[in-house]
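**Q** Given these sequences and hints, build the entire structure.
Going down the list, the protein sequences come from chains G and D. Under the working numbering, read the first sequence as residues 1 to 159, first letter to last. Under the working numbering, read the second sequence as residues 1 to 159, first letter to last.
Calculated from the structure, these hints are not laboratory results. Please note: incorrect hints may appear among the correct ones.
Note that the list lumps identical chains together, so a pair holds whenever it fits in one copy or between two copies.
[What the hints assert, rightly or not] Within a straight-line C-alpha distance of at most 20 Å, the following computed DMTMM-like cross-link-like pairs (lysine to aspartate or glutamate) qualify:
no., residue 1, residue 2
1, Lys135, Glu43
2, Lys102, Glu84
3, Lys137, Glu84
4, Lys40, Asp131
5, Lys40, Asp132
6, Lys102, Asp62
7, Lys40, Glu18
8, Lys102, Asp131
9, Lys40, Glu121
10, Lys135, Asp62
11, Lys40, Asp139
12, Lys40, Asp73
13, Lys85, Glu140
14, Lys102, Glu10
15, Lys135, Glu122
16, Lys40, Glu134
17, Lys40, Glu140
18, Lys137, Glu18
Note that this is a predicted model, so its numbers are computed, not measured.
Number of protein chains: 2
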Amino acid sequence: MKTKSFADMECSIARTLEHVGSWWSLLIIRDVMMGRRRFKQIEASLGIAKNTLASRLNQLVDGGILTRVPSSDGSRYEEYSLTEKGRELAPVMIALSQWGDKWVAHPGGPPFAFVDELTGEELSQVWPRRDDGEKVKLDELGLRPLNQDPDHNPKEQKR
Amino acid sequence: MKTKSFADMECSIARTLEHVGSWWSLLIIRDVMMGRRRFKQIEASLGIAKNTLASRLNQLVDGGILTRVPSSDGSRYEEYSLTEKGRELAPVMIALSQWGDKWVAHPGGPPFAFVDELTGEELSQVWPRRDDGEKVKLDELGLRPLNQDPDHNPKEQKR
Numbered sequence: 001m002k003t004k005s006f007a008d009m010e011c012s013i014a015r016t017l018e019h020v021g022s023w024w025s026l027l028i029i030r031d032v033m034m035g036r037r038r039f040k041q042i043e044a045s046l047g048i049a050k051n052t053l054a055s056r057l058n059q060l061v062d063g064g065i066l067t068r069v070p071s072s073d074g075s076r077y078e079e080y081s082l083t084e085k086g087r088e089l090a091p092v093m094i095a096l097s098q099w100g101d102k103w104v105a106h107p108g109g110p111p112f113a114f115v116d117e118l119t120g121e122e123l124s125q126v127w128p129r130r131d132d133g134e135k136v137k138l139d140e141l142g143l144r145p146l147n148q149d150p151d152h153n154p155k156e157q158k159r
Numbered sequence: 001m002k003t004k005s006f007a008d009m010e011c012s013i014a015r016t017l018e019h020v021g022s023w024w025s026l027l028i029i030r031d032v033m034m035g036r037r038r039f040k041q042i043e044a045s046l047g048i049a050k051n052t053l054a055s056r057l058n059q060l061v062d063g064g065i066l067t068r069v070p071s072s073d074g075s076r077y078e079e080y081s082l083t084e085k086g087r088e089l090a091p092v093m094i095a096l097s098q099w100g101d102k103w104v105a106h107p108g109g110p111p112f113a114f115v116d117e118l119t120g121e122e123l124s125q126v127w128p129r130r131d132d133g134e135k136v137k138l139d140e141l142g143l144r145p146l147n148q149d150p151d152h153n154p155k156e157q158k159r
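**A** Structural data, given as structure tokens:
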């Protein structure tokens, strides 16, 4: 399991993983996206220990991904809601889900599909595209180093 | 940390997380995508313990995400290469990276951007879309339960 912090790494993938927290955190975010907004609902869905869930929820609230809101039905139970920052993890969740549907689906088939609620249509595959909307083939994907602070990496400057 | 297996869960997100393995595994996949194909290169990039790295690499090979290939320069070191299954994790990696660029970027700015190698252009944001290519707004995303009983006709629904 995780043995050091990724937070000092520059890479945004590493920083996202560090910030989001753990596999459990992604499943908690999934549950809230699916409408399970209360501690007990998430606990029942994940079969997770109370103290683990409490600590993951605190981390997600501290990180600004979830926020605590009063219950929607006036009861005394607080609920969890996704912030904009949390909602914008949807492309990550959908990409994970679609990959799983294709490569490691449950023998009974996947239990749900993401749809556009306006049309009821299933989403197309989340895929890298150019600005004009054209899909990019996997073997045509590349990485370009970005100019950071010029003092940041003097060794590179000298080349 | 992970305290139970997600593999018996039906959800494809949970199944993907279980199958891929851990945060480290995603960073290993990122490294191989970026051209770090040898054990020593990945070890140096991640600062990961040798035994942890060896076990994650074995898991990724067993899972059919990475494959071992002879070195590209004829030396005796084996290299790791992504299978098609592994390459198709690119949308997940890019979605993680773009979220990180926006929400938790390194103070010096992100170190690289994903581009279309044909044009050199940065990719647009990986985003859920309908079949016609139109982006779906986050508040218009929905989930539809799928009928998992094969005797039922799922195609009754009109498009």
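**Q** The structure should be examined with respect to each hint, and the outcome stated for every one.
**A** Cross-check of the supplied hints:
1. With identical chains, the CA atoms of Lys135 and Glu43 are never at most 20 Å apart, being 39 Å at best within one copy and 33 Å at best between copies.
2. For the identical chains of this complex, Lys102 and Glu84 are inter-copy neighbours only, at 12 Å across copies versus 29 Å inside a copy, given an alpha-carbon limit of 20 Å.
3. For the identical chains of this complex, Lys137 and Glu84 are inter-copy neighbours only, at 12 Å across copies versus 30 Å inside a copy, given an alpha-carbon limit of 20 Å.
4. Taking the shortest alpha-carbon separations for Lys40 and Asp131, neither the intra-copy value of 43 Å nor the inter-copy value of 37 Å comes in at or below 20 Å.
5. Taking CA atoms no more than 20 Å apart as the test, Lys40 paired with Asp132 passes in neither setting, with 44 Å inside one copy and 39 Å between copies.
6. In this homomeric assembly, Lys102 and Asp62 come within 20 Å of each other (Cα to Cα) only across copies, at 18 Å, whereas the closest approach inside a single copy is 34 Å.
7. For the identical chains of this complex, Lys40 and Glu18 are neighbours neither inside a copy (26 Å) nor across copies (23 Å), given an alpha-carbon limit of 20 Å.
8. Taking the shortest alpha-carbon separations for Lys102 and Asp131, only the inter-copy value of 17 Å comes in at or below 20 Å, while the best intra-copy value is 26 Å.
9. Taking the shortest Cα distances, Lys40 and Glu121 never come within 20 Å of each other, neither inside one copy (32 Å) nor across copies (46 Å).
10. Taking the shortest alpha-carbon separations for Lys135 and Asp62, neither the intra-copy value of 36 Å nor the inter-copy value of 30 Å comes in at or below 20 Å.
11. Taking CA atoms no more than 20 Å apart as the test, Lys40 paired with Asp139 passes in neither setting, with 45 Å inside one copy and 25 Å between copies.
12. Taking the shortest alpha-carbon separations for Lys40 and Asp73, only the intra-copy value of 15 Å comes in at or below 20 Å, while the best inter-copy value is 56 Å.
13. Taking the shortest alpha-carbon separations for Lys85 and Glu140, only the inter-copy value of 16 Å comes in at or below 20 Å, while the best intra-copy value is 30 Å.
14. In the homo-oligomer, the alpha carbons of Lys102 and Glu10 lie at most 20 Å apart only across protomers (13 Å), although the nearest pairing inside one protomer, at 31 Å, exceeds that limit.
15. Taking the closest pair of Cα atoms, Lys135 and Glu122 come within 20 Å of each other both inside a single copy (18 Å) and across two copies (13 Å).
16. Within a single copy, Lys40 and Glu134 get their C-alpha atoms no closer than 43 Å, and across copies no closer than 37 Å, so neither meets the 20 Å cut-off.
17. Within a single copy, Lys40 and Glu140 get their C-alpha atoms no closer than 46 Å, and across copies no closer than 26 Å, so neither meets the 20 Å cut-off.
18. For the identical chains of this complex, Lys137 and Glu18 are neighbours neither inside a copy (29 Å) nor across copies (27 Å), given an alpha-carbon limit of 20 Å.
Going down the numbered hints, you'll see the structure goes against 1, 4, 5, 7, 9, 10, 11, 16, 17, 18, while the others check out.
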